[in-house]
Amino acid sequence: MPSLPPGGAPDPDSERLFLHAMLDSSPDHIYFKDTQSRFLCISRALARYFGLADPSEALGKTDFDFHSPEKAEIRFEDERRIMETHTPIVDKVERQTAREDGHPIWVLTSKSPLCDCQGRLVGTFGISRDITMLKTMEDALGSERNLLRTVIDNVPDFIFAKDADGRYTLNNEAHIRFLGKSSPEDVEGKTVFDLFPPESAKAAHADDRIVMESGQPVLDRLESPAPGRWLLTSKIPVFDVHGTVTGLVAISRDITEQKQAQEQLEKANADLRQSREKLLHALEELRAVQLQLVEAEKMKLVGRLAAGVAHEVKNPLAIIGMGLDYLNGQKFDDPNVPVVLAEIGNAVQRADRVVRELLDFSAPKKMGRAPEDVNRIVRNALVLARGDLGARKIAVVEELTSDLPLVRLDAMKIEQALVNLFSNAAQAMGAGGRLTVRTGCRQVTGIGENVAHSGRFLPGARVVAIEILDTGTGIPEADLGRVFEPFFTTKPTGKGTGLGLTVTKTIIDLHGGEIEIGNRPEGGACVTLLFNAETH
Amino acid sequence: MKKILIVDDEAGFTRLMKLTLQKSGDYEVIEENDGARAWEAARRERPDLILMDIVMPNVDGGDAAAQIRKDSDLAAIPIVFLTAIVSQKEAPPGGRIGGFPFLSKPVGLDALKACIEENLAHP
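The listed protein sequences derive, respectively, from chains A and B. Residue numbers for the first sequence follow the working numbering, beginning at 3 and rising by one. Residue numbers for the second sequence follow the working numbering, beginning at 3 and rising by one.
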């Protein structure tokens, strides 16, 4: 075993030992050849490759003994050129074929001229390393990179990456075009502050900071890089092997067109809503006008009829009345005659009252509607009905909701209608009882009980309600459907003309409102008046 | 004694009116049942007051009253309309029709006399 002097050059024995160790154990193919390209010495790994049991078996042989003539020729030529030019071949990548199964392998080869101690050329030597695995990995990486680049450059979305300082490190073609540049070099190294107006640059940079500092992505952020331009951007942090954020990648989509379409849609929607409201308003007015026209036409007929009836009935009544006045001045033997005359007089008065109310009913009704506070009208009507209610000792409970919307009403007419209803309630209660008057506002939903039965109120409309609740006898179920018919009355003969509710309903109809009458579960009747609230 | 001319196409009414008024007070009542002859009757009788129905065939009470008013000899005679087609409630303010006071049929004797006396005193 040769010794190694400390710190000095190895002696020739040691050098030989090193060379043999390398030739024996290196996985690389190492050879030495003479000027005729005959092997002088090869490594054990190369001997194995050539299928030899021992490296010494290669002595004196050439590449033509181990390779195809074509390949051997290439090597032969390489070596001849090296010897002629004294120039080595360094890191030449060669494709070879595995001897055992013929699969392709890749080797990295370097060849140099071989000189003796005096510098005379005595041959060549070379070393080859199997780099098939590296080459395969490189190819795989290459195709992966190629795929990624193809995706990045061909998606219509903008893709870019930035370093920790917010400098662009990668941009796809769409992003470069979007930035108004023509090549990656125009953008790389720049920041948003070099490319965008200050306001949008500041906003984008703030998002960059959030991503980098939190290590969390910012997803689907709506950005406006310029007035009227809209992007939807997601930014994702990029980590190094230590988990430190080294930058970010981002994908951004130009949604300006969608945004414009959405805005147009919203505007169209708003226009539609406005048109709908106008139409609804017009519809309501048309309905009111139609009702008034129908009412006017009807009332013209009824008026003529009433005038005719009045003339034909009142004249005979006048004759009977005058006859009674004449007889009342006489003396009779029969003591019953004055009683008989008084009964006839009462009958004349009753008949006269009916005709008079018929004339009132058929009188042309002109409406003077103005925005009114319903509570005020209710209170006025209660004052007008005070006599009737007070005389019967009826307690009045007011449950009036404050801040009601105004309603377009003819205050006098509605007061007349309410006084009629209060008077009916009073008569139904006789002596004592409680009259509750309630006001409120509802929104028509079109669902269930909330919807008005006539369809006069449209879903969404605000409706002001007046409820009149009494503790009287109520109305027989069978009569509920007839209470608005002219001359229908439940009162004792001579107490009512049967026109009060008819007139009331006409008044409510002329307002485009609604009247409902029912019985309360706890006894007594309930009348509900509904009106459209003022919309402006 | 005051002379009252009553113009009404209802003969039964004028007859009973005449009987009742004459019995109850110091009145002479003249009946006329045709509106077309109202002016003629007024010129002939020169009444202190005329009770005039409105709805009548031929000439109605309104035209008959206007005809009498145009005659300067008769213009000062008070005229009261009696009508079956206007209820007291629907009457225009002041209880007058076309400037004339009116009574609605059927009218009681007391109301009738009160109206006659008032219009005789303040024509």
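Derived by calculation from the structure, the hints in this document are not laboratory data. Where hints are given, some of them may not hold.
[Stated by the list, open to error] These stretches of chain B come out as covered by chain A in the derived footprint (C-beta under 8 Å, 3 or more residues):
| id | segment |
| --- | --- |
| 1 | 8-19 |
| 2 | 68-81 |
| 3 | 108-120 |
Backbone N, C-alpha and C fix where the C-beta goes; we use that ideal spot for every residue, glycine too.
To see whether the hints hold, each was checked on the structure:
no.	hint	verdict
1	8-19	holds (count 5)
2	68-81	violated (count 0)
3	108-120	holds (count 4)
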